[in-house]
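We have chain X already, so just place chain Z with the ligands on it with the hints.
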Amino acid sequence: MGMSDETEVKKEAAGTGEEEARVGVFVCDCGSNIQGAVRCADVRDFAADLPGVVSAEEGKWICSVDFLNRMKASVQENNLNRVVVACCTPRTHEKLFRKTVAEAGMNPYQLEFVSTREQVSWVHRTNQDVATDKAKDLVKMGVAKARLLEPGEEIRLPVGQKCLIIGGGAAGLTAAAAVASQGYQVYLVEREKELGGLLNKIGTVAPEGDVAAELKATLVDAVKKYDNVTIFTGAKIENIEGYIGNYKVKVSVDGQETEFGADTIIVATGMAEIDCMGQFLYGEDPNVVTQLQLEGMLKDGAVQGKKKNVVFIQCVNSRNEQRGCCTVGCSVSVKNARAIKQADPDANVYVVYRDMITVKEEYVHLKEVMKEGVNFVRYDVEKPPVVQKADGSLAVKVYDVLLGQEVELPADLVVLTTGFCGPEGVSDLRGLLKVSANADNFYQEQHIKLGPLDFAAAGIYLAGSARNPKPMKDVRDEGYGAAMRASIPMTRGFVEAEGIVAKIDHTNCIECGICSKKCPYGAIKLGGEKGKTPQVIEALCKGCGTCAADCPKECIQIVHFTDEQLMAAVDAALEENPEKKVIAFVCHWCAHGAVDIAGVGRMEYPTPVRIVRVMCSARVAQRFVQHALDKGAAGVLVAGCEFPTCHYITGNYECKDRLEKLRKKLDKKGYDTSKVWEVWLSAAMGPKWVATQKEMVKALGLE
Amino acid sequence: MSEAEKESVLIVGGGIAGITAALNVADYGYKAYLLDDTPSIGGLMARLDKTFPTNDCSICIEAPKMYEVKSHENIEIVANADVRKVEAVDGHFKVRVLKRAIFIDEEKCNACGKCVEKCPVTIPDELDARIGGTRKLISVPFPQAVPNMNYVNILCRTGKMRDKGACVGGCVVDCSQCRECGVAMCVKACRDEGKGAVMLWQKDQWLDLKVKSIIVATGVKTAPLEKGTWGLDVYPNVIDYMNFERTMNSGGPTLGEIVRPSDGHHAHKIAWIQCAGRGEKGLNYCSKVCCMVAAKQTIITKEHDPNVECAVFYNNQTCYGKGFDEFYKKASSLGVRYIVGKPFDVTEDPETHNLTIRYEDESTGEIKEEEFEMLVLSTGLVPNERNERLAKVLKIELDHNGFFKEAEPLSKPLETAVPGIYLAGGATGPIDISESVAQATAAGMKAVSKR
Ligand SMILES: Cc1cc2nc3c(=O)[nH]c(=O)nc-3n(C[C@H](O)[C@H](O)[C@H](O)COP(=O)(O)OP(=O)(O)OC[C@H]3O[C@@H](n4cnc5c(N)ncnc54)[C@H](O)[C@@H]3O)c2cc1C
Ligand SMILES: Cc1cc2nc3c(=O)[nH]c(=O)nc-3n(C[C@H](O)[C@H](O)[C@H](O)COP(=O)(O)OP(=O)(O)OC[C@H]3O[C@@H](n4cnc5c(N)ncnc54)[C@H](O)[C@@H]3O)c2cc1C
Ligand code: SF4
Ligand code: SF4
Chain X
1 MGMSDETEVK KEAAGTGEEE ARVGVFVCDC GSNIQGAVRC ADVRDFAADL
51 PGVVSAEEGK WICSVDFLNR MKASVQENNL NRVVVACCTP RTHEKLFRKT
101 VAEAGMNPYQ LEFVSTREQV SWVHRTNQDV ATDKAKDLVK MGVAKARLLE
151 PGEEIRLPVG QKCLIIGGGA AGLTAAAAVA SQGYQVYLVE REKELGGLLN
201 KIGTVAPEGD VAAELKATLV DAVKKYDNVT IFTGAKIENI EGYIGNYKVK
251 VSVDGQETEF GADTIIVATG MAEIDCMGQF LYGEDPNVVT QLQLEGMLKD
301 GAVQGKKKNV VFIQCVNSRN EQRGCCTVGC SVSVKNARAI KQADPDANVY
351 VVYRDMITVK EEYVHLKEVM KEGVNFVRYD VEKPPVVQKA DGSLAVKVYD
401 VLLGQEVELP ADLVVLTTGF CGPEGVSDLR GLLKVSANAD NFYQEQHIKL
451 GPLDFAAAGI YLAGSARNPK PMKDVRDEGY GAAMRASIPM TRGFVEAEGI
501 VAKIDHTNCI ECGICSKKCP YGAIKLGGEK GKTPQVIEAL CKGCGTCAAD
551 CPKECIQIVH FTDEQLMAAV DAALEENPEK KVIAFVCHWC AHGAVDIAGV
601 GRMEYPTPVR IVRVMCSARV AQRFVQHALD KGAAGVLVAG CEFPTCHYIT
651 GNYECKDRLE KLRKKLDKKG YDTSKVWEVW LSAAMGPKWV ATQKEMVKAL
701 GLE
Chain Z
1 MSEAEKESVL IVGGGIAGIT AALNVADYGY KAYLLDDTPS IGGLMARLDK
51 TFPTNDCSIC IEAPKMYEVK SHENIEIVAN ADVRKVEAVD GHFKVRVLKR
101 AIFIDEEKCN ACGKCVEKCP VTIPDELDAR IGGTRKLISV PFPQAVPNMN
151 YVNILCRTGK MRDKGACVGG CVVDCSQCRE CGVAMCVKAC RDEGKGAVML
201 WQKDQWLDLK VKSIIVATGV KTAPLEKGTW GLDVYPNVID YMNFERTMNS
251 GGPTLGEIVR PSDGHHAHKI AWIQCAGRGE KGLNYCSKVC CMVAAKQTII
301 TKEHDPNVEC AVFYNNQTCY GKGFDEFYKK ASSLGVRYIV GKPFDVTEDP
351 ETHNLTIRYE DESTGEIKEE EFEMLVLSTG LVPNERNERL AKVLKIELDH
401 NGFFKEAEPL SKPLETAVPG IYLAGGATGP IDISESVAQA TAAGMKAVSK
451 R
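Residue numbers (this note's numbering), protein chains in the order written: chain X, 1 to 703; chain Z, 1 to 451.
Chain X with its partners taken away, still in its complex shape (with noise of 0.2 angstroms):
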């Protein structure tokens, strides 16, 4: 299948790298901002002086609409094919700079940033000449590798309208009915018979009490209702391969094998109650139920005005070493408690718990039922309820904490609310779709705040209870989300990547494939002859540099952070006195964004750092940092994003194990260690940054 890059629609942006390098230099007041503690005239006429500059102007203001254009003019005057700009900061303004001087033609990618002012102007105000010293560095880099930089080019993947969806119960069918209803062709496969999935098997649904069956009803019909909609019960995935966009899918039914493509995947595969058997005298005593079979029974009105005491038990196999609380058990047992009380008010019911977790309005029921008459029994972790077997009939013997002495409870049915796990099969869907998930079969989500149905690949979302347990209500939203997170990229036709993305040169490469399996978006496939030649499908790189700085060979490079431009950089920052200075790899997101909240705080610091930024930490090879000890550099910095959050997933993780390893290959070699420094930060330690320099400068021996 098509592993290569073929598929792939370039859309070359104008402008190429061959030509010979015509830099431009802007340097910005910012009114008084920068010119207050820099001397930007002589940046400026430093500027022009260095190699390969053919331009170098100041503006007051050169992100105001005038010299934008003024900015345009220069770029078809000069015939540039490079420009740098020395100003604020490019968390804020690369966009706009990379958008001027492609309206004039240039190539946007080669386009590099300089940040004078959150790293000089606002960070060093005492002294005029040693800011205005810095800023003359940081503009040498800047020049160093813009004269480097090639063309990057927008990189699209075409992706189709077709949609797979995996599970047919509330949430699979929600989402069904969502890309149907736009023309999207969808695929809905239900392993079994009938579509519906836990609402098969429950009676309600609370907190408003609508019935399941309807409910299911309602949500089949929705997707029945489209000739799009191509259904699959009684169904096996035989197979997934392929990436956004080129899905190739086998499906089996009764041994009949049907193969299809798909653009899209939406795993909605539910959960499953954890298996009781052994406790609580599961499995030994017919009268010891789960939660889901007392759903059936309450059903088939086997309960109601049978069962005289009815014992529920809480959080069985769930908030103990292995796992959290199961979500929906408290607010099933108010559910399932009210309806024997109110079908025999003189049912003796009681709910044996730990915390009632009950939220909004479930309160309100947990009210109303305490009214009604079920009982609740607080139990301590340390001394769980047992369940006894004397004489045929049963008991639950607990310590109810509230009344601070044991309680014999008799049952005639016990309950147990046990935890939930995700269903058999999770295993190998896992595993076709490269995707991960938790001990408990749970699947892992991109982001567990901002990224909660979608997977790390592109392509593949996620709905409902595979994620975790949780209410019907919020399962419905979820599909419907899904559905919108699958349909974007239908809807547009492509995926796209920025420019800054990997390239592998084969010519070294020994096919070990560390950069596929250290990718994390599965952006580098394995193909060719014997299947172990790497690919990158650049539509799906996000550009982190995890492969090319773990590349045993050296093989990848990163548009626009290629090693030779980062370390030209290096080099011009350490042209002179290199032993004052301190060289800091500083990833573009949290790390950069601590430096900027320094430099908005207007918090002074020690001078010596020069910046290099790297999209991620995960980019700084070993090699880096022996070129700028090598270099002569006082000292080295990584800076990263503060554990857990990156933006590539794992990258500061990567780099702080890659780190841990470099000190000690250092130190055989015989550097000294204490001259590499990391920092991890989030976007709001700019005191942390700060202290840093501070305490670098002390240790380096730098004041």
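Just so you know, not all the hints are guaranteed correct.
[Unchecked claim] The calculated SDA-like cross-link candidates involving lysine to any residue, where the alpha carbons are at most 20 angstroms apart (straight line), are:
1) Z:Lys195 to X:Gly31
2) X:Lys383 to Z:Lys195
3) X:Lys367 to Z:Asn316
4) X:Lys95 to Z:Arg96
5) Z:Lys329 to X:Gly31
6) X:Lys201 to Z:Leu410
[Said to hold, decoys possible] If you want the footprint, here are the derived chain X segments under chain Z, 3+ residues with CB under 8 angstroms:
7) 56–70
8) 314–326
9) 350–359
10) 445–452
11) 510–519
12) 582–593
13) 649–655
The set of hints was computed from the structure by calculation and includes no laboratory data. Remember, predicted model here, so these are calculated numbers, not experimental data. For each residue, glycine too, the CB sits at the ideal point set by N, CA and C.
Coordinates of chain Z with the ligands only, in the frame set by chain X:
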């Protein structure tokens, strides 16, 4: 779709729910208007320190989304604006929006801060006042604000600040242009910079939009307490959980040092009272996030200094989400004391400003008391007070608590009684960030779908 026929969606509220909805509908190809009635988007999340259950730094993960909104070709931010009139016509909504003046030329200001230096009037910060936060009458909403520019507090323009040092004379602008209070040092400072972005004479503006759908994402706020409840606003070292969140935050007024408002000294023994806003007169529901917020706050306090004693008075642990129970266990394992019981009385030692809490220990029934150096009240989440007016304008219903009402939560989730108006995030009730994001994505799907 060509620009002319591009359909639009209006999103009211620029918190994480609004931001997520906007990015989704914009990526889908619709135009999104993201409206907030404050000068910046970001909502509560922009002001939090870390986020449970992973302790990701809040602004670190939200700010990139905020920049993405700012630079997205399909999104227009409408800040400092109110929705004033909405009419349903031919399957669309005609919307009148009042964009209140911020007295700044948005094209020109880049938050350089020269005006802020010169402004003579300092006022208590709206969020951080209790822990000593202040701001100038002209200031950026917060450092990572989007749009990133200064705004002039309306207090400046209503003349109420004269006795606080406003109107010092020597103005560079004509007083008659300047309603009552002609400070104008900001105007001068900005002109001296060569920008001329401060415009104290700026007028409110009306905008007319035509949109296909509306998503209401107006969020939650922390429940206010009556003055004196648990000593709040009487004893300086009693603060609420939002104040504590800001105390932990490097971007807050204490630069992340966990210090007491009374003397600025580090606190060594801190108590949290959970469900502090519930009870007879208070909330009749569980706010869902406070138990996790307390776990987070104690964990971070312990990370700052493991020797700080932390005690949490609670009744039920609400750890209903993925990884939440584990998070609570982590707090316990760090030595945070969890005490089942409800305090009934807080008194202060006027010398030390320490606080004595009297409570009934539920596990023994005993009445006990204990002294703490600082007290944090987890007051709960309540609907935004602006909901009522918005509900009237949109002709949709609020529930009895004041959150927006989903007409049929199960069969038509996130829909209101008016077709085309959808809900997401805290607007629907107490909620955490990940649920807000899921809902906002879902509401986005509905907003672009056929009706
Ligand atoms: C006892 C009990 C009582 C409950 N009561 C309530 C209540 O009162 N109120 C409330 O709001 N919520 C309640 N819930 C929760 C609610 O039922 C669930 O959240 C909801 O049904 C989950 O829907 P789902 O689509 O995510 O998963 P499921 O309903 O589990 O559906 C998943 C589907 O995927 C299929 N599948 C799994 N693996 C594969 C595979 N490899 N290939 C193909 N198909 C596959 C399954 O067969 C199943 O049909 C209750 C849950 C339980 C267990
Ligand atoms: C102290 C504290 C700590 C928390 N910690 C966590 C945590 O660690 N993890 C977690 O998951 N959750 C946490 N939360 C909850 C989290 O803050 C909310 O889930 C989240 O902010 C909800 O996002 P939202 O966008 O719905 O609302 P909000 O963030 O409240 O945003 C709503 C936006 O709408 C605007 N707005 C309101 N009314 C109008 C109107 N009428 N017109 C125009 N605009 C309007 C507001 O100005 C605001 O910008 C915490 C909450 C608190 C109080
Ligand atoms: S740069 Fe990062 S995202 Fe791209 S292929 Fe390498 S590891 Fe994967
Ligand atoms: S890590 Fe380097 S050598 Fe190994 S397969 Fe990838 S490109 Fe080839």
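So, going through the hints one by one against the coordinates:
1. Annotation: proposed proximity of lysine 195 (chain Z) to glycine 31 (chain X) holds, straight-line Cα distance about 8 angstroms (limit 20 angstroms).
2. Taking the CA atoms of lysine 383 (chain X) and lysine 195 (chain Z), the gap is near 71 angstroms; set against the 20 angstroms cutoff, the hint is violated.
3. With a C-alpha separation of about 14 angstroms, the suggested pairing of lysine 367 (chain X) with asparagine 316 (chain Z) holds against the 20 angstroms cut-off.
4. Distance restraint check for lysine 95 (chain X) and arginine 96 (chain Z): the Cα-Cα separation of roughly 32 angstroms exceeds the 20 angstroms cut-off, and the hinted pair is therefore not satisfied.
5. In summary, the hint linking lysine 329 (chain Z) to glycine 31 (chain X) is not supported, as the alpha carbons are separated by about 53 angstroms, beyond the 20 angstroms threshold.
6. Taking the CA atoms of lysine 201 (chain X) and leucine 410 (chain Z), the gap is about 17 angstroms. The hint holds against a cut of 20 angstroms.
7. Only residues whose beta carbon comes within less than 8 angstroms of a beta carbon in chain Z count, and the segment 56–70 of chain X has 5; three or more means the coverage holds.
8. Check result for the segment 314–326 of chain X against chain Z: holds, 5 residues qualifying (beta carbon to beta carbon below 8 angstroms, three or more required).
9. Only residues whose beta carbon comes within less than 8 angstroms of a beta carbon in chain Z count, and the segment 350–359 of chain X has 5; three or more means the coverage holds.
10. Only residues whose beta carbon comes within less than 8 angstroms of a beta carbon in chain Z count, and the segment 445–452 of chain X has 6; three or more means the coverage holds.
11. For the segment 510–519 of chain X, the proposed coverage by chain Z is not satisfied: 0 residues have a C-beta within less than 8 angstroms of a C-beta in that chain, short of the threshold of three.
12. Proximity of the segment 582–593 of chain X to chain Z, defined as three or more residues with a beta carbon under 8 angstroms from a beta carbon of that chain, is established by the 3 residues found.
13. Taking a C-beta to C-beta cut-off of 8 angstroms, the segment 649–655 of chain X contributes 0 residues in contact with chain Z, too few for the three needed, and the coverage statement is violated.
Checked against the numbered hints above, the structure breaks hints 2, 4, 5, 11, 13 and satisfies the rest.
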